[in-house]
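Required output: the full structure, derived from the provided sequences and hints.
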Amino acid sequence: MGAIYILWLRELKRYARSRVQIVVSLGQPILYLVAFGAGFSPVFKQAGLGSYIQFIAPGIIGMTVLFSSVFNGIAMLWDRQFGFLKETLVAPVLRLQIMIGRTLGGATVSMIQGTLVFIISVLFGFRPHSLMAVPAAFLFIFLVAMVFSALGTAIGSVIKDMQGFQLVMNFLVMPIYFLSGALYPLKNLGKVMTTITRIDPLTYGVDGLRGTLISNFQLSPQLDIAVLTTVMCCFLALGAYLFSKIEV
Amino acid sequence: MIEVENLVRTFGDFTAVKDISFSVPQGEIFAFLGPNGAGKSTTIKMLTTLLRPTSGTIRLNGLDPNKHQKEARQSFGIVFQDPSLDQEQTAYENMDLHGVLYSVPRKVRAQRIETLLKTFELWDRKDGMVKTFSGGMKRRLEIARGFLHTPKILFLDEPTLGLDPQSRNQLWTHVKALNETEQTTVFLTTHYMDEADRVAHRIAVMDHGSIVAQGTSAELKAQTNTDSLEAAFLALTGNSLRDESADSKQGLRQMAQMFGKR
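Going line by line, the protein sequences match chains A and B. Per my numbering, residue 241 is the first one in the first sequence, and the count goes up by one each step. Per my numbering, residue -15 is the first one in the second sequence, and the count goes up by one each step.
Take the hints with a grain of salt, since some may be wrong.
[Said to hold, decoys possible] The calculated DSSO-like cross-link candidates involving lysine-lysine, where the alpha carbons are at most 30 Å apart (straight line), are:
id : chain 1 : residue 1 : chain 2 : residue 2
1  : B       : Lys115    : B       : Lys160
2  : A       : Lys253    : A       : Lys485
3  : B       : Lys110    : A       : Lys326
4  : A       : Lys485    : A       : Lys400
5  : A       : Lys326    : B       : Lys205
6  : B       : Lys115    : B       : Lys91
7  : A       : Lys431    : A       : Lys326
8  : A       : Lys253    : B       : Lys91
9  : A       : Lys253    : B       : Lys54
10 : B       : Lys91     : A       : Lys326
11 : A       : Lys400    : A       : Lys253
12 : A       : Lys485    : B       : Lys51
13 : B       : Lys136    : A       : Lys326
14 : B       : Lys115    : B       : Lys51
15 : A       : Lys253    : B       : Lys115
16 : A       : Lys400    : B       : Lys2
17 : B       : Lys2      : B       : Lys136
18 : B       : Lys136    : B       : Lys110
19 : B       : Lys115    : A       : Lys326
20 : B       : Lys54     : B       : Lys2
[Said to hold, decoys possible] Pairwise CB distance ranges (calculated):
id : chain 1 : residue 1 : chain 2 : residue 2 : range
21 : B       : Ala202    : A       : Leu336    : 45 to 51 Å
22 : A       : Lys427    : B       : Asp(-3)   : 57 to 63 Å
23 : A       : His369    : B       : Gln95     : 53 to 59 Å
24 : A       : Phe378    : B       : Thr165    : 49 to 55 Å
25 : B       : Ser39     : A       : Thr434    : 52 to 58 Å
26 : A       : Lys485    : B       : Glu164    : 52 to 58 Å
27 : B       : Asn153    : A       : Arg259    : 34 to 40 Å
The hints are simulated quantities; they were obtained by calculation from the structure and are not laboratory data. The structure displayed is predicted, hence computed values, not measured ones. Even glycine gets a Cβ: it sits at the ideal position worked out from N, Cα and C.
Rendered as structure tokens:
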């Protein structure tokens, strides 16, 4: 147990000490809020769907958590050879403990990031419909963080070099984000898009966030929680398995 | 302390380690020399539970590392060729983390950390971030860390690669001191023949997966009728170049050298 705690704590320390990294990683969400939020606002309003900033903010929070979680897991690639991961793999500690410590730590860090973006979006004019919504929204932030942290660990255990990293970022993470309804409503999409968005786990996370924060569930809270929890368990199992297979 | 019998490791139809046997008694400093691609890293990986042997037996402190992984790992320490420190933590934190992973009780941990950091002359930098350390300091910290849980065996894979002569000298002084006081068996690989000559009690030379010679430095020189270990080594392994194909590890290593400090 001590091992899990100290590895979890390590992820937090790393995050807290990287001030530049924190600021930089908030840049992209702010850009989306400003460019898309302000840019598409008139169009969205004209379509009768209300304020685009209200609509997009939960999606951007979801995006932050997604990127932060997956990135953290994939950063294991570097750690495997040059860092610290080798030290943990050779220690008399179960691989499962190491994997859990890292995944929980990464999920915690991305939850903190998501919260920071939430605060920033409030500064940009986002208003959740009630204060009670915020703790409920946290449940979804937690689920999304866990799902994608586990996925990140799974991927990080498998890719061997920087090209693998780029492939994953461009062909997995970006599509997950753009095909999740974070930026556009899920209703009235064509058949193909509807199917695709329903396969994407982030769709359920963003829907949950949007639902709790602005009362706009396009799917349903029960479905969202069920899907996210199931996917989380699958990815955790996958991550644990692949992590146990790492050869240094 | 280390007993290896008829160890074999194949990768598909390539045999990296061809039936090697050797034994290292407690308290000895044993050097494993060999050209690139000889099978040294593969051997060390098998000894440290990172790879399973295809066949053969290994006994570390009487234990089979594959059957008793946890106990075996508890009984040895390893310093890798590539750095494995956490750059974003302090020297003290790195030591402490190692202590927790190796279940060293808190009080003992604090004492050991202090003793080792002082021995390796890092105590006044204990709260410094590792990323601010020079290459020599990082190496010393890793070796200090390797000793933290009082291992019976310490594996050192090319420990002084890239260090200046002062750092190398100092490092071996500390390792030898701990070898004498704590009777830690030291198993090292290196390309620096002069170091192996000065530091090691016995040496094994590996080439193309087999051990071609074993013994003290004097014995090897006598065997090959040469007067330096380097000449003996070349006599045993030949003068031809060993080109290896680059793998992803070397690509990453190059990136690390470009973007980080060693």
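Results for each hint:
Among the hinted pairs, Lys115/B with Lys160/B is consistent with the structure: their alpha-carbon atoms are about 27 Å apart, no more than 30 Å. Taking the CA atoms of Lys253/A and Lys485/A, the gap is about 27 Å. The hint holds against a cut of 30 Å. A hinted pair counts as satisfied when its Cα atoms are at most 30 Å apart, and Lys110/B with Lys326/A qualifies at roughly 22 Å. For the given pair, Lys485/A sits about 13 Å from Lys400/A by alpha-carbon distance, which is consistent with the 30 Å threshold.
Our distance criterion of 30 Å between C-alpha atoms is broken by Lys326/A and Lys205/B, whose separation comes to about 37 Å. With a C-alpha separation of about 27 Å, the suggested pairing of Lys115/B with Lys91/B holds against the 30 Å cut-off. With a CA separation close to 47 Å, the supplied pair Lys431/A and Lys326/A exceeds the 30 Å bound. Restraint check for Lys253/A and Lys91/B: satisfied, since their Cα atoms lie roughly 23 Å apart, inside the 30 Å limit.
Distance restraint check for Lys253/A and Lys54/B: the Cα-Cα separation of roughly 28 Å lies within the 30 Å cut-off, and the hinted pair is therefore satisfied. Distance hint between Lys91/B and Lys326/A is fulfilled; the C-alpha atoms sit about 26 Å from each other, no more than 30 Å. At most 30 Å may separate the alpha-carbon atoms for a hinted pair to count; Lys400/A and Lys253/A meet this at roughly 26 Å. With a CA separation close to 17 Å, the supplied pair Lys485/A and Lys51/B stays within the 30 Å bound.
The suggested pairing of Lys136/B with Lys326/A holds, with an alpha-carbon distance near 20 Å, which does not exceed 30 Å. A hinted pair counts as satisfied when its Cα atoms are at most 30 Å apart, and Lys115/B with Lys51/B does not qualify at roughly 37 Å. Simply put, Lys253/A and Lys115/B have alpha-carbon atoms about 15 Å apart, close enough for the 30 Å limit, and the pair holds. The hinted pair formed by Lys400/A and Lys2/B meets the criterion: a straight-line CA distance of about 28 Å does not exceed 30 Å.
Restraint check for Lys2/B and Lys136/B: satisfied, since their Cα atoms lie roughly 27 Å apart, inside the 30 Å limit. For a cut-off of 30 Å, the pair hint linking Lys136/B to Lys110/B stands: about 25 Å separates their Cα positions. For a cut-off of 30 Å, the pair hint linking Lys115/B to Lys326/A stands: about 17 Å separates their Cα positions. With a CA separation close to 27 Å, the supplied pair Lys54/B and Lys2/B stays within the 30 Å bound.
Roughly 49 Å separates the CB atoms of Ala202/B and Leu336/A, a value that falls within the hinted 45 to 51 Å. Between Lys427/A and Asp(-3)/B the CB atoms are about 59 Å apart, so this pair conforms to the stated range of 57 to 63 Å. Checked against the hint of 53 to 59 Å, the C-beta distance between His369/A and Gln95/B comes to roughly 57 Å, which is consistent with it. Distance hint check for Phe378/A and Thr165/B: the Cβ-Cβ separation is about 54 Å, which falls inside the suggested range of 49 to 55 Å.
One distance hint, 52 to 58 Å for the beta-carbon pair Ser39/B and Thr434/A, holds here, with the actual separation near 56 Å. Restraint check, Lys485/A to Glu164/B: a C-beta distance of roughly 40 Å breaks the suggested window 52 to 58 Å. Taking the beta carbon of each, Asn153/B and Arg259/A are about 39 Å apart, inside 34 to 40 Å as hinted.
Hint violations for this structure: numbers 5, 7, 14, 26, all remaining hints satisfied.
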